[in-house]
Amino acid sequence: MYFMRINFLIICIALLANMQAIANHCTIKDTSGNNMLTQEEKQQGWKLLFDGKTLNAWRTYKNQPGSWKVNNGTLCSERSADNKHADLITDDQFENFELSIDWKISPKGNSGIMYLVTENYDNAFESGPEYQLIDDDGFPEHIEEYQKTGANYAMQAPAMKAANAPGEWNHTRIVVNKGHVEHWLNGKKVVEYTLGSEEWKKEKAAGKWKDEAGYGASKKGHIALQSAHSDIDNTYICFRNIKIKLL
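Plus 917 on top of the position in the sequence shown (first one is 1) and you've got this note's numbering.
Worth double-checking, as some hints may not be accurate.
Straight-line alpha carbon distances no greater than 25 Å define the calculated SDA-like cross-link-like pairs of lysine to any residue that follow [said to hold, decoys possible]:
1) 1118 - 1136
2) 1162 - 1104
3) 1162 - 1014
4) 1025 - 1083
5) 1078 - 1059
6) 1025 - 973
7) 1025 - 983
8) 1127 - 1012
9) 1121 - 1010
10) 1118 - 1135
11) 1095 - 1135
12) 1127 - 1074
13) 959 - 1090
14) 1137 - 1008
15) 1162 - 1015
Derived by calculation from the structure, the hints in this document are not laboratory data.
Input sequences plus hints: build the corresponding full structure.
Shown next, in the form of structure tokens:
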């Protein structure tokens, strides 16, 4: 009888734990604090670029077809079977600024955040430097260090690995001030460089962008969110809390 009671107690505890796990999984998280500016942020000069409900303040690059949707307070792009892969850009252009943005990427996903983008070329990446977003460990192809999350794509590799696992939210800051650029990821500075410096010119001349005359050439441009850039089905990129402050 003693052992029967012990076994019954163990079963009850297991059932309660399972019920709690289900409840935790099904609980709808409070997202009411997302896509809003605090009073302090307003006083500091921050501007909200995404209201959590619409694509107001954004359009696709050269108004081409894209796969962007707003869902439950997030701005997302999924790999599109009909090849509608246009990047999303801000209506406004910015010169000296600090960009704050949250993002999460799917396993095997690939995307990026570009800045100082012009529409003088076929693609946004031909003018705008790119803050790389990718599944560093799970992407199915070999990637170089300068292709990993937080990198200035194909130019400067991140100083450290700071990204959370795919499917988890990350926080990014990009600072552009009179040519000086900083990439921050989850509170860590991962890249720092100066546009047009001798070191930057040397790196550009030796790498992927050597024949792209417009790359990094504009002092003012759009912010661009790269669409789900992987060729793998069911990959996605999502953004929220997109804020900018002029410097």
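Results of checking the hints against the structure:
no., hint, verdict
1, 1118 - 1136, "15 Å, holds"
2, 1162 - 1104, "18 Å, holds"
3, 1162 - 1014, "5 Å, holds"
4, 1025 - 1083, "8 Å, holds"
5, 1078 - 1059, "17 Å, holds"
6, 1025 - 973, "29 Å, violated"
7, 1025 - 983, "20 Å, holds"
8, 1127 - 1012, "23 Å, holds"
9, 1121 - 1010, "24 Å, holds"
10, 1118 - 1135, "14 Å, holds"
11, 1095 - 1135, "11 Å, holds"
12, 1127 - 1074, "17 Å, holds"
13, 959 - 1090, "17 Å, holds"
14, 1137 - 1008, "13 Å, holds"
15, 1162 - 1015, "5 Å, holds"
In this structure, only the earlier hint numbered 6 is contradicted, and the remaining ones agree with it.
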